[in-house]
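Protein chains in written order, with our numbering: chain A, 1 to 277; chain B, 1 to 293.
Source of the hints: derived by calculation from the structure; they are not laboratory data.
Bear in mind that the values here come from a model prediction, so they are computed numbers and not experimental data.
Wrong hints could be hidden among the right ones.
Straight-line Cα separation of at most 30 Å, DSSO-like style, residue types lysine-lysine; simulated pairs [unchecked claim]:
no. : chain 1 : residue 1 : chain 2 : residue 2
1   : A       : 8         : B       : 96
2   : B       : 96        : A       : 7
3   : B       : 96        : A       : 160
4   : B       : 96        : A       : 264
5   : A       : 102       : B       : 7
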Amino acid sequence: MNGGIAKKTLTHIGISFVLLLNILPLLIALSSSFRSVSNMTNPLQLFSEFSLESYRVAFDKMHFMQALGNSLMLTVISVVVVVLFTSMAAYPIARINNRLSKALYLFFLCGLVVPSQMVIIPIVQTIQGLHIPSSQYTPILMFITCSIPFSSFLYTGFIKSSIPIEVEESALIDGAGLMRRFWQIVFPLLLPVTVSVVITQGVWIWNDYFFNMIFISRAAESPLPLAMLGFMGDQTNPTAWNVLFAACFLCALPLLVMFAFLQKYFIGGLTVGSVKG
Amino acid sequence: MNSAVLKKTMYWFVVPALTMYLVFWIYPILRLFQYSFSDYNGFIQNFNYIGFDNFSQIFKDGVAGTSLSNTLIYTLVFVVFSNLIALGLAFLLNMKIRATGLYRTAAYVPTLFSAIVVGFIWSYVYMPDSGLIATVLSWFGVDGASLNLLGNYSSALYAITAVDVWKHIGTSTVIFLAGLQTVPVDLEEAGRIDGASSWQVTRFIRLPLLATSMTINVTLSLINGLKAFDYSFIMTNGGPGRATSTLLFEIFRMAFREMQYGKASALAVVSFIVIIAITIFFVLRLNKREVSA
Numbered sequence: 001m002n003g004g005i006a007k008k009t010l011t012h013i014g015i016s017f018v019l020l021l022n023i024l025p026l027l028i029a030l031s032s033s034f035r036s037v038s039n040m041t042n043p044l045q046l047f048s049e050f051s052l053e054s055y056r057v058a059f060d061k062m063h064f065m066q067a068l069g070n071s072l073m074l075t076v077i078s079v080v081v082v083v084l085f086t087s088m089a090a091y092p093i094a095r096i097n098n099r100l101s102k103a104l105y106l107f108f109l110c111g112l113v114v115p116s117q118m119v120i121i122p123i124v125q126t127i128q129g130l131h132i133p134s135s136q137y138t139p140i141l142m143f144i145t146c147s148i149p150f151s152s153f154l155y156t157g158f159i160k161s162s163i164p165i166e167v168e169e170s171a172l173i174d175g176a177g178l179m180r181r182f183w184q185i186v187f188p189l190l191l192p193v194t195v196s197v198v199i200t201q202g203v204w205i206w207n208d209y210f211f212n213m214i215f216i217s218r219a220a221e222s223p224l225p226l227a228m229l230g231f232m233g234d235q236t237n238p239t240a241w242n243v244l245f246a247a248c249f250l251c252a253l254p255l256l257v258m259f260a261f262l263q264k265y266f267i268g269g270l271t272v273g274s275v276k277g
Numbered sequence: 001m002n003s004a005v006l007k008k009t010m011y012w013f014v015v016p017a018l019t020m021y022l023v024f025w026i027y028p029i030l031r032l033f034q035y036s037f038s039d040y041n042g043f044i045q046n047f048n049y050i051g052f053d054n055f056s057q058i059f060k061d062g063v064a065g066t067s068l069s070n071t072l073i074y075t076l077v078f079v080v081f082s083n084l085i086a087l088g089l090a091f092l093l094n095m096k097i098r099a100t101g102l103y104r105t106a107a108y109v110p111t112l113f114s115a116i117v118v119g120f121i122w123s124y125v126y127m128p129d130s131g132l133i134a135t136v137l138s139w140f141g142v143d144g145a146s147l148n149l150l151g152n153y154s155s156a157l158y159a160i161t162a163v164d165v166w167k168h169i170g171t172s173t174v175i176f177l178a179g180l181q182t183v184p185v186d187l188e189e190a191g192r193i194d195g196a197s198s199w200q201v202t203r204f205i206r207l208p209l210l211a212t213s214m215t216i217n218v219t220l221s222l223i224n225g226l227k228a229f230d231y232s233f234i235m236t237n238g239g240p241g242r243a244t245s246t247l248l249f250e251i252f253r254m255a256f257r258e259m260q261y262g263k264a265s266a267l268a269v270v271s272f273i274v275i276i277a278i279t280i281f282f283v284l285r286l287n288k289r290e291v292s293a
């Protein structure tokens, strides 16, 4: 049995080493963010100083509260619309088994492959052509559109595999119309996928800087990742590192806090669509 | 239509998503093809069609070739390493030991950071002189000052790919772990009773049953690799020279820095064809190999 214990200890040491290496850049950045400028010479002495001065500077420089509000607004609106639109779209595609459904399914799925940066020129032109003003809200259109392929893919798979049509048939006999059947019976049963969609799409929308950079020009309208772009150039200047890293962690903090509380949903949400039933 | 529940009117539910998808995704892709044959610059609305000039130009001055090969190298390195490392980690984390939850969290945390934050932090890691790698090397008496991974033609592309691998591993690991947990224990037991070594159990029982997660992970990493843009944009600005300019970075640079919409669109069309071809090829091959428990 001694061999077993030794083996386990070795495994623990092995895993810890690999993962420590994995999060080392984050640890060093975190420790540097608590330092003052005069103490930046040896960033590898971890957590030798705790000063919140750089956080105060970064907080002001990126207008943290304002940026946080903007990020929340963009993410919440986009995610809510994505959940509504894609769960609805997946419903007939999963239920009705004909050529049209198959074609729609594949048509949406194709969108997964095309990267947004590639089509950005005609997207900007299309939005201008529709006389939609470039504002704080414009990126929402693209966040929703880009989330449609993956989300409808998840919803379709789940309705097909896990929501038997019988649950609706009894409601039909009770006289429930299409709308009531979907919103009161099917939609609540979709909760596991809805969690998965909210988390997978919410994280990328929250972290995206690209569409924000294209459409938002006023500092007051910037969400967090776009506010981070204001620090561009500081990464090669060691004297600016403490403030830069403080800004990095301020930017990541909301998601890290969410993750700390909802870890099980983050991990589970990732795998809902990925394990065939 | 076997059930009374199913009515054609259900298709109305597709309309909102389909409308957005058509207007903001499909229509722009079609316009891309139109622009690629024009001298459009974004300002003057009446542009001329110039045939294949944009295409011959981007191939003649080497932009298309360089960014295409950069993207393919990036994708290959990214797919291979992110999946191998994640697979290894998943096997480690699937062992019956304590604190796997904690380990899984440590593996997953990097995926939560925005690419822009990741880019900044890794720029520090790679900095010559005072960066992380340079400092660690100096402990061992190696002069880290001359080691400029991001500034060197031959290493810059691999350096930014490593960053993307680092950020992506958590996602792949979690998907592999979920796959491993669906491998029936009695199947592994049966293998052991038949005298299979632990390597044989892994090779002949676990790996084939991981095919679904493998397909998902390879597909996701493939799509992600072909989309490479973030770290060229944040960390190297495509440089040195064109060493890290991927297809998407080059499209962005041509369009928004040089205002050459026509040329950028031509490169986008080239990327479009390459990306679609590679993805279809892989998805078809991988789907054939799947087995189920």
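Would the hint linking residue 96 (chain B) and residue 7 (chain A) be met if the CA-CA limit is 30 Å?
Roughly 12 Å between the alpha carbons, so the hint for residue 96 (chain B) and residue 7 (chain A) holds.
Proposed proximity, residue 264 (chain A) with residue 96 (chain B) (alpha carbon, max 30 Å)
holds (19 Å)
For a C-alpha distance cap of 30 Å, please report whether residue 96 (chain B) and residue 160 (chain A) respect it.
Status violated; Cα separation ~34 Å.
CA of residue 102 (chain A) to CA of residue 7 (chain B), is that 30 Å or under?
holds (16 Å)
30 Å limit on alpha-carbon distance, applied to hinted pair residue 8 (chain A) and residue 96 (chain B)
holds (9 Å)
When the structure is compared with the earlier hints, a violation turns up for hint 3 alone.
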